[in-house]
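Residues per chain are reported as follows:
Protein chains: 2
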Amino acid sequence: MTICAIEFVLKRCTELNDRVLKTFRCLIADLCEQFRGGHPGSAMGMAAIGIALWKYMMKYSPTNPDFFNRDRFVLSNGHTCLFQYTFLHLVGYEHMTFEQLKTYHSSRTDSFCPGHPEIEHPGIELTTGPLGQGVANAVGLAMATKHLAATYNRPEYPVVNNITWCMIGDACLQEGVALEAISLAGHWKLNNLVMIYDNNQITCDGSVDLCNNEDINAKMLACGWNVINVPNGNHDIEGIVRALVSARNSKDKPTLVNIRTVIGIGSKSAGDAKAHGAAFGAEDVASIKRKFGMDETKHFQVSDEVYDFFREAKPRGRQLEAEWNNLVDSYAQTYPELHKEFSLRVAGKCTDDWTKFIPAKSDLPTSPIASRKSSGLVCNPLAQNIKNFMVGTADLSPSVNMIWKGKIDFQHPDRRTSCGIHGDYSGRYIHWGVREHAMASISNGLAAFNKGTIIPVTSSFFMFYTYAAPGIRMGALQRLQQIHIATHDSIGTGEDGPTHQPIELAALYRAMPNLLYIRPADGEETAGAYIAAMKATDTPSMISLSRQDLEQYPQHSSRDGVQQGAYVLMEKANADVTLIGVGAEMVFAVKTAQLLEDKFGLKARVVSFPCQRLFDQQPIEYKREVLQYRSNAPRVVVEAYAAQGWERYADAGYSMHSFGHSLPGKDAYRYFRFDENLIAPKVAELVKGVRSNGIESLRAAGHTLSHSICDLEDQSKTVFQ
Amino acid sequence: MTICAIEFVLKRCTELNDRVLKTFRCLIADLCEQFRGGHPGSAMGMAAIGIALWKYMMKYSPTNPDFFNRDRFVLSNGHTCLFQYTFLHLVGYEHMTFEQLKTYHSSRTDSFCPGHPEIEHPGIELTTGPLGQGVANAVGLAMATKHLAATYNRPEYPVVNNITWCMIGDACLQEGVALEAISLAGHWKLNNLVMIYDNNQITCDGSVDLCNNEDINAKMLACGWNVINVPNGNHDIEGIVRALVSARNSKDKPTLVNIRTVIGIGSKSAGDAKAHGAAFGAEDVASIKRKFGMDETKHFQVSDEVYDFFREAKPRGRQLEAEWNNLVDSYAQTYPELHKEFSLRVAGKCTDDWTKFIPAKSDLPTSPIASRKSSGLVCNPLAQNIKNFMVGTADLSPSVNMIWKGKIDFQHPDRRTSCGIHGDYSGRYIHWGVREHAMASISNGLAAFNKGTIIPVTSSFFMFYTYAAPGIRMGALQRLQQIHIATHDSIGTGEDGPTHQPIELAALYRAMPNLLYIRPADGEETAGAYIAAMKATDTPSMISLSRQDLEQYPQHSSRDGVQQGAYVLMEKANADVTLIGVGAEMVFAVKTAQLLEDKFGLKARVVSFPCQRLFDQQPIEYKREVLQYRSNAPRVVVEAYAAQGWERYADAGYSMHSFGHSLPGKDAYRYFRFDENLIAPKVAELVKGVRSNGIESLRAAGHTLSHSICDLEDQSKTVFQ
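Chains as they are written, first to last, in full-length UniProt numbering: chain A, 1 to 721; chain B, 1 to 721.
One or more of the hints may lead you astray.
Since the list can't tell identical chains apart, any single copy or any two copies may satisfy a pair.
[What the hints assert, rightly or not] DSS-like cross-link-like pairs, simulated, lysine-lysine; straight-line CA separation at most 30 Å: (1) K591 - K251; (2) K666 - K682; (3) K274 - K373; (4) K666 - K274; (5) K268 - K291; (6) K451 - K340; (7) K407 - K451; (8) K666 - K291; (9) K572 - K682; (10) K666 - K102; (11) K268 - K407.
Don't read these hints as lab results, they were simulated from the structure.
Only chain A is shown next, with the shape it has when bound in the complex (with noise of 0.2 Å):
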């Protein structure tokens, strides 16, 4: 629509706006009011930037919520949600009903109204809620497009075009994840990025000015985006329609649209922070709908009127639909191998092929190499091969080994960078700078554009994926496909000390629902995690990676066996104790076997063990056979983490009780006792014990066989009665 036209339809219905603005705001107290919760006051106050978004600006088709090319919505300040689900009932979303709206904060399981947007329900293109990361995700959106366009645009053929709209309040642009994701927008000059910015100056505690008194419209200027004023967003529709029109016509930058609104307008807590987290309660809410010329008799008013108002949406989408699929007929005809591949993405599908580009056992090194290298020789040609891949970095290039031959940066085509390195929106490395944060859940947006067509794989030190981790979560929980690389997992890390070496973070991650953190021992197993990734096409995947050099066990590992989570590394008869190695530590699991024998005379069998989330999905008849639990053996764990949640698997363990200590990477390990030297006699007491008291002895111990998880150095104290 021109600009031209827009005029000529706001002018047409101001009053009929002013009524659609009126019923719509009666509408959101009223749902508010119903179980007396939620959140009414800015998804009232934005109302009028709701009807410009829905009625005059977006790209979307409510028979085919799906369709490809349409705009992006993200809801960054999720809690309004009520705004969201109000506009897709209005302009006819089919799950929508009236009676779908009215299960808000209700008891009913099968809601499609969350008290925040969830990515399962129709209509919406993220789930978002924790504040900041919808801006992040919006990013992510945007990005999409451009590398899409870039990769399959050609003239006359603009098969990828569409917009990213994201909606923020006040709180989003206080959180860091905002920020940096704003930085990198403005980098990467994504003028396909519209932010919507309900500036109504309040937050919980009551006004913004309590905690934040920046020229945030500065602020987005410095960081590369245009910024556009609207001083009347409460009911000057065509305001705000003039301003998305100039954003959406931005020619290098994204763009700010700061809108200046009341929250709760029209309830007696409107402009105060009363009106952002609770119903108003029923005399308020009939004061309001007084004040706004409605029957304050009735409840849940929509007239008519208010659905004609919406009725060509419908319509209009499903010609929008026509146009792309009949460019993407014509485009198909006049590129018939680039539509191939097209459709593929489409279709969220990859090179079926893929297992090809993972090198076999035989091409790997068979001496020591340091995992996060091994993770090189098996993801640079995933990377190179598979044009799903994006693949960046939190700045660590130099040490996690991401690069692959050929690789193009994703840079505007325009950005000259001082180091010489440039690039265009058809690359697929990212420099995300030192910002993990944004890395992750930008990336969370990348794989939502559209699920499978993009597979994000994000990179940096295991550490700093705690700066990453509300993003990793928000991926799980979205059960978006995406790879982490996570490097220098260990005390191994070495000189960098505590800071930066991982003690509890595998509690974490392991304890995440619906994450594969997998920690592979040599070069076979991070080829095996590489597949148990690409295979996870509803998980994101963290394979867990070491900085220093680790013994290959070519005769022993497999990349099958880390599919079902464990699996006998080094099988023996008859054996005396079972001891569990993992990742980087599986050299002092290995090792202490070998003493074992030599020296104590006991048989070792050694389980490698680098997903507990894979093995926990195993039968159990394969569980029972590779830990062996009707054995007496006991089961030991060597790794230099925190010992929580090796419990379940293992009898007692070699573990970390601390932070960790800077030394060089061999010297910490020593420092923390982490030698076979050390680690055999311990293990052999242990056995000694099992045999003179017998395994379930164990069960009896200090409390409950696992502190011995902790004690393993110390058994005097807690082990055997």
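Chain A is fixed; fit chain B onto it per the hints.
Then chain B, alone, in the frame of chain A:
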């Protein structure tokens, strides 16, 4: 020193300055070359800044690194630690001998020169390393000064008036936590904070413009900062000193001194990312020395002239101390009462009789109440009466109940907010905004100003402590006493849905070394949690609280029990089962126990288990008594989190297998089968199984007994053989 005097000094020693610069730079190159590792580039680039700071600007006393009113120096780009270590050596910190300096990257376990600065060592204010957090730490230190000054300074008695200097690199300015903290520093007008930007435009990946093209000066101005540029930071010590003097004199804004430097200056990789994180190699080191007119055949050359250059630091420091001591003596006479309190704060103590502010059991409500409200009842009087408390919230004042009667906000005294809440620097209530990570990392600065002087209390929803995790970790690593109030800690959070319902987060905090994660079950236990947190003077605590009302157990619950981590809430002789209740889910344990007796004729005892770490510290006899390890009664834990970690204490459990669901709290519990009517039959079945098969049969279960933790709901699969 006045500018005039500085000018004189500088002019006199320009050539000498130059020789010191060269000495310093060659020394750094040598120190990294020794063990072929470390971060030489930025330390060399920053040499002139270091001379400006330690020779001309900072107030410190090498013979007493803990001099209370010293300036604080934070090295946010902590990898450049050799920069700081070397200056500490040159100015005469006694522990930092030349021999010590040479332990950098060595295998010496007694080194004072770890790969990042660590708070344990003299002359180091804070452990830094994870980028960006140093900025937030510095904001905390500057806040501490402002707060103490507003509280204790009197006309002519500026007993606290130090400056905080924070050194940052390009990467620090990319991290969200720094951007959050910068925004707050501007808001609070912390004119005693000077951030010195080593602007070398290089990070690991290459030039900064690979991922950042923002106008950083404009951005800082927009955030309410001064900006001063120094174009030649490599040599222009005078320019740097002038800029720093001007920054120190800032009236109402923090200052960014943007200093252009060349990374690895003098080396062949000068100005290149290669100079960042690796030694230069012998040849280049020799070439650097030639370039700087030093003897290339010699290593570690520091002439007497160079030592002489810094010789004045010690006597100047002693004089500063003497002046301050005199000032405080005279203050003591004029303001004896205030001085008494001030001395207590300087000693890092709070009033001994704090226990009297904690409500007695008899004063706590006995009808159902949310533990977040119980927390308010306990914390508010503490906060009101203990001046060490600085309490804040990440914009959740209406939810976290941390406001006490008469609280004053920490604000610049001239700040007028639109919602009418004002404050001044003496205020002890902090509106952090929606900036959880900055809240935690700034709190580390508050706590580290002088251990014990300030006890920061943070608050937010538990879920959002994922955002704060990197800061919480640094607090634990540094053993800083803090209290983190994490409310809305279960699926009982309800309608906000899975984005707001923690499942896996407790696994992180329970595994994190040196942190107490405490989940009290009722008001009495909440009092116990605060007592534990107050006693933990070298440990941060996190108190995890419910949104929803909880049953109170005044006949059973015990604040003393909390100190032991777990205790018997309801004893029963010859029990068939021990039910472990935790926090908000205690109600299910208690009701299940009742139901087991009423309907199944089984005797169940109930253990309350608020804190695993405190329990781990108890004597073995106590543990046995509480959990009855030698009995044949299984232990079953009930908690709506991922089960990981409970295997150590329990044989089976009722836990979460997935993320949560948006439903009203009670319905969310029901949806996930937290209901005594569902739990009791499962427990009865387990008890029956144990009776027929013996408790040791559990051991032979699926994969160790602990798997039953996850599968109490589906015992057929895994528990008994």
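How the hints compare with the structure:
{"no.": "1", "hint": "K591 - K251", "verdict": "neither (62 Å within a copy, 64 Å between copies)"}
{"no.": "2", "hint": "K666 - K682", "verdict": "within (21 Å within a copy, 49 Å between copies)"}
{"no.": "3", "hint": "K274 - K373", "verdict": "between (55 Å within a copy, 19 Å between copies)"}
{"no.": "4", "hint": "K666 - K274", "verdict": "between (58 Å within a copy, 25 Å between copies)"}
{"no.": "5", "hint": "K268 - K291", "verdict": "within (11 Å within a copy, 74 Å between copies)"}
{"no.": "6", "hint": "K451 - K340", "verdict": "within (18 Å within a copy, 65 Å between copies)"}
{"no.": "7", "hint": "K407 - K451", "verdict": "within (24 Å within a copy, 50 Å between copies)"}
{"no.": "8", "hint": "K666 - K291", "verdict": "neither (74 Å within a copy, 36 Å between copies)"}
{"no.": "9", "hint": "K572 - K682", "verdict": "within (20 Å within a copy, 38 Å between copies)"}
{"no.": "10", "hint": "K666 - K102", "verdict": "between (62 Å within a copy, 19 Å between copies)"}
{"no.": "11", "hint": "K268 - K407", "verdict": "between (58 Å within a copy, 27 Å between copies)"}
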